[in-house]
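For chain A, the structure is supplied; the task is to place chain B on it using the hints.
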Amino acid sequence: MTQDAIAGALVLLLLGADAYASFFVAPTEATMGPIQRIFYLHVGSAWTGLTCFLICFIANLLYVFRRRPRWDWLGVASAEVGLAFTTVVLVTGPIWAHPVWGIWWTWDARLTSTFVLWLLYVSYLLLRTLIEEPDRRALFSALFGIFAFLDVPLVFGAIRWWRTQHPQPVIMGGPGSGLQPTMRWVLLFSWVALLGLMTLLLRHRYRLEAMRGELQMIEREVEGA
Amino acid sequence: MKNLDSIFAAYLIAWGVFFVYFVTVARRTAALREEIERLKNLVNRGK
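Heads up: the sequence lines are chains A and B, in that order. Letter by letter, the first sequence follows residues 16 to 240 in the working numbering. Letter by letter, the second sequence follows residues 313 to 359 in the working numbering.
I should point out that these hints are in silico values taken from the structure, not numbers from a laboratory. It is possible that some hints are incorrect.
Here are the simulated SDA-like cross-link-like pairs (lysine to any residue), alpha carbons at most 20 Å apart as the crow flies [as the list claims (entries may be wrong)]:
hint: 1; chain 1: B; residue 1: 314; chain 2: A; residue 2: 113
hint: 2; chain 1: B; residue 1: 314; chain 2: A; residue 2: 109
hint: 3; chain 1: B; residue 1: 314; chain 2: A; residue 2: 44
hint: 4; chain 1: B; residue 1: 352; chain 2: A; residue 2: 236
hint: 5; chain 1: B; residue 1: 314; chain 2: A; residue 2: 39
hint: 6; chain 1: B; residue 1: 352; chain 2: A; residue 2: 239
hint: 7; chain 1: B; residue 1: 352; chain 2: A; residue 2: 228
hint: 8; chain 1: B; residue 1: 352; chain 2: A; residue 2: 237
hint: 9; chain 1: B; residue 1: 314; chain 2: A; residue 2: 48
hint: 10; chain 1: B; residue 1: 314; chain 2: A; residue 2: 43
hint: 11; chain 1: B; residue 1: 314; chain 2: A; residue 2: 46
hint: 12; chain 1: B; residue 1: 314; chain 2: A; residue 2: 34
hint: 13; chain 1: B; residue 1: 352; chain 2: A; residue 2: 225
hint: 14; chain 1: B; residue 1: 352; chain 2: A; residue 2: 231
hint: 15; chain 1: B; residue 1: 352; chain 2: A; residue 2: 222
hint: 16; chain 1: B; residue 1: 352; chain 2: A; residue 2: 229
hint: 17; chain 1: B; residue 1: 352; chain 2: A; residue 2: 232
hint: 18; chain 1: B; residue 1: 314; chain 2: A; residue 2: 117
hint: 19; chain 1: B; residue 1: 352; chain 2: A; residue 2: 224
hint: 20; chain 1: B; residue 1: 352; chain 2: A; residue 2: 238
hint: 21; chain 1: B; residue 1: 314; chain 2: A; residue 2: 42
hint: 22; chain 1: B; residue 1: 314; chain 2: A; residue 2: 115
hint: 23; chain 1: B; residue 1: 352; chain 2: A; residue 2: 230
hint: 24; chain 1: B; residue 1: 352; chain 2: A; residue 2: 233
hint: 25; chain 1: B; residue 1: 314; chain 2: A; residue 2: 36
hint: 26; chain 1: B; residue 1: 352; chain 2: A; residue 2: 235
hint: 27; chain 1: B; residue 1: 314; chain 2: A; residue 2: 116
hint: 28; chain 1: B; residue 1: 314; chain 2: A; residue 2: 45
hint: 29; chain 1: B; residue 1: 314; chain 2: A; residue 2: 118
hint: 30; chain 1: B; residue 1: 314; chain 2: A; residue 2: 40
hint: 31; chain 1: B; residue 1: 314; chain 2: A; residue 2: 35
hint: 32; chain 1: B; residue 1: 352; chain 2: A; residue 2: 227
hint: 33; chain 1: B; residue 1: 314; chain 2: A; residue 2: 49
hint: 34; chain 1: B; residue 1: 352; chain 2: A; residue 2: 226
hint: 35; chain 1: B; residue 1: 352; chain 2: A; residue 2: 234
hint: 36; chain 1: B; residue 1: 314; chain 2: A; residue 2: 114
So that you can see chain A by itself, here it is in the shape it has in the complex:
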């Protein structure tokens, strides 16, 4: 409990420092003005969401090959936390887009592939509610999770491979791309802060899933008695 409280306080401190850096340390962008400050939360959440889905993918693969319940627990925990971060991306994106583009949403490759990613992981969680038997549920959702992850490279590549309304990449975007140094540091700091939040949420969500496993064992014991 004390460890949790310390971890929670540390994450809150990091997030507070991140908000301060986003508003007061990062310079105001010349073309878009102050609205561009959403960038640090939007991009940081997107990277953190994709990190969660990568963890989910690795856990799904490990479950398929090793069949240990802990990989199933990590898979569902990271899918759910990743979904929370992707929801933030899908909400903050249109709020930023409206004053800049004059529209809330457009079906370009980046926006559509991100929305499809969100739908895929909602389906992953829904699928788990439809299968009663724990081993079958874990295996089917692991296989579906591996399939769902195929959309992640599409999300990453969408603004590199196709012309989109969404801006071109500022990090790993090749020649001509880039970010003002202070902005880059603030963005990286935002990502670190959000990774801290991700770790905290993942830890709690994993514990919940482990407890479900324990509950199933006790239920079997009660039924057998």
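Chain B only, in chain A's frame:
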């Protein structure tokens, strides 16, 4: 500051999503912990 309301809305909604999610995980954990305790007591009484 121009568009301050949009920035404020984005941050408020984002932290709202994280906060509500954290609360739902905590509530589910508490309910499950209670259920485990109840069943453990049931098993112990049966032994």
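Hints, one by one, checked against the model:
Taken as a hint, the residue 314/B and residue 113/A pair is honoured in the structure, with Cα atoms around 13 Å apart against an allowance of 20 Å. Between residue 314/B and residue 109/A the alpha-carbon distance is near 17 Å, which keeps this suggested pair within the 20 Å criterion. Taken as a hint, the residue 314/B and residue 44/A pair is honoured in the structure, with Cα atoms around 12 Å apart against an allowance of 20 Å. Note on residue 352/B and residue 236/A: the hinted pairing holds, with a Cα-Cα distance of about 10 Å set against a maximum of 20 Å.
Annotation: proposed proximity of residue 314/B to residue 39/A holds, straight-line Cα distance about 15 Å (limit 20 Å). The suggested pairing of residue 352/B with residue 239/A holds, with an alpha-carbon distance near 14 Å, which does not exceed 20 Å. For the given pair, residue 352/B sits about 14 Å from residue 228/A by alpha-carbon distance, which is consistent with the 20 Å threshold. Between residue 352/B and residue 237/A the CA atoms are separated by roughly 9 Å; this keeps the pair inside 20 Å, and the hint holds.
For a cut-off of 20 Å, the pair hint linking residue 314/B to residue 48/A stands: about 8 Å separates their Cα positions. Our distance criterion of 20 Å between C-alpha atoms is met by residue 314/B and residue 43/A, whose separation comes to about 11 Å. Between residue 314/B and residue 46/A the CA atoms are separated by roughly 12 Å; this keeps the pair inside 20 Å, and the hint holds. This hinted pair checks out: residue 314/B and residue 34/A have alpha carbons roughly 18 Å apart, not beyond 20 Å.
Between residue 352/B and residue 225/A, the direct Cα distance comes to roughly 16 Å. Compliance with the 20 Å bound is thereby established for this hinted pair. With a C-alpha separation of about 12 Å, the suggested pair residue 352/B and residue 231/A falls inside the 20 Å cut-off, and the hint holds. Proximity of residue 352/B to residue 222/A is assessed by CA-CA distance (about 18 Å); at most 20 Å being required, the pair is judged to hold. Distance restraint check for residue 352/B and residue 229/A: the Cα-Cα separation of roughly 11 Å lies within the 20 Å cut-off, and the hinted pair is therefore satisfied.
For the given pair, residue 352/B sits about 11 Å from residue 232/A by alpha-carbon distance, which is consistent with the 20 Å threshold. Annotation: proposed proximity of residue 314/B to residue 117/A holds, straight-line Cα distance about 15 Å (limit 20 Å). The suggested pairing of residue 352/B with residue 224/A holds, with an alpha-carbon distance near 18 Å, which does not exceed 20 Å. Restraint check for residue 352/B and residue 238/A: satisfied, since their Cα atoms lie roughly 13 Å apart, inside the 20 Å limit.
Only pairs whose Cα atoms come within 20 Å are accepted, and residue 314/B paired with residue 42/A is accepted, the gap being roughly 15 Å. Taken as a hint, the residue 314/B and residue 115/A pair is honoured in the structure, with Cα atoms around 12 Å apart against an allowance of 20 Å. Restraint check for residue 352/B and residue 230/A: satisfied, since their Cα atoms lie roughly 9 Å apart, inside the 20 Å limit. Of the supplied pair hints, the one linking residue 352/B and residue 233/A holds, its CA atoms being roughly 7 Å apart against a limit of 20 Å.
For a cut-off of 20 Å, the pair hint linking residue 314/B to residue 36/A stands: about 19 Å separates their Cα positions. For the hint pairing residue 352/B with residue 235/A, the CA-to-CA distance comes to about 12 Å; that is within 20 Å, so the pair holds. The straight-line distance between the Cα atoms of residue 314/B and residue 116/A is roughly 15 Å, inside the 20 Å bound, and the hint therefore holds. A C-alpha spacing of about 13 Å is found between residue 314/B and residue 45/A, which places the hinted pair at or below 20 Å, so the restraint holds.
Restraint check for residue 314/B and residue 118/A: satisfied, since their Cα atoms lie roughly 18 Å apart, inside the 20 Å limit. Proximity of residue 314/B to residue 40/A is assessed by CA-CA distance (about 18 Å); at most 20 Å being required, the pair is judged to hold. The suggested pairing of residue 314/B with residue 35/A holds, with an alpha-carbon distance near 18 Å, which does not exceed 20 Å. Between residue 352/B and residue 227/A the alpha-carbon distance is near 14 Å, which keeps this suggested pair within the 20 Å criterion.
About 7 Å separates the Cα atoms of residue 314/B and residue 49/A, which keeps this hinted pair within 20 Å; it holds. Our distance criterion of 20 Å between C-alpha atoms is met by residue 352/B and residue 226/A, whose separation comes to about 13 Å. For the hint pairing residue 352/B with residue 234/A, the CA-to-CA distance comes to about 9 Å; that is within 20 Å, so the pair holds. The straight-line distance between the Cα atoms of residue 314/B and residue 114/A is roughly 10 Å, inside the 20 Å bound, and the hint therefore holds.
Going down the numbered hints, you'll see the structure goes against none, and every one checks out.
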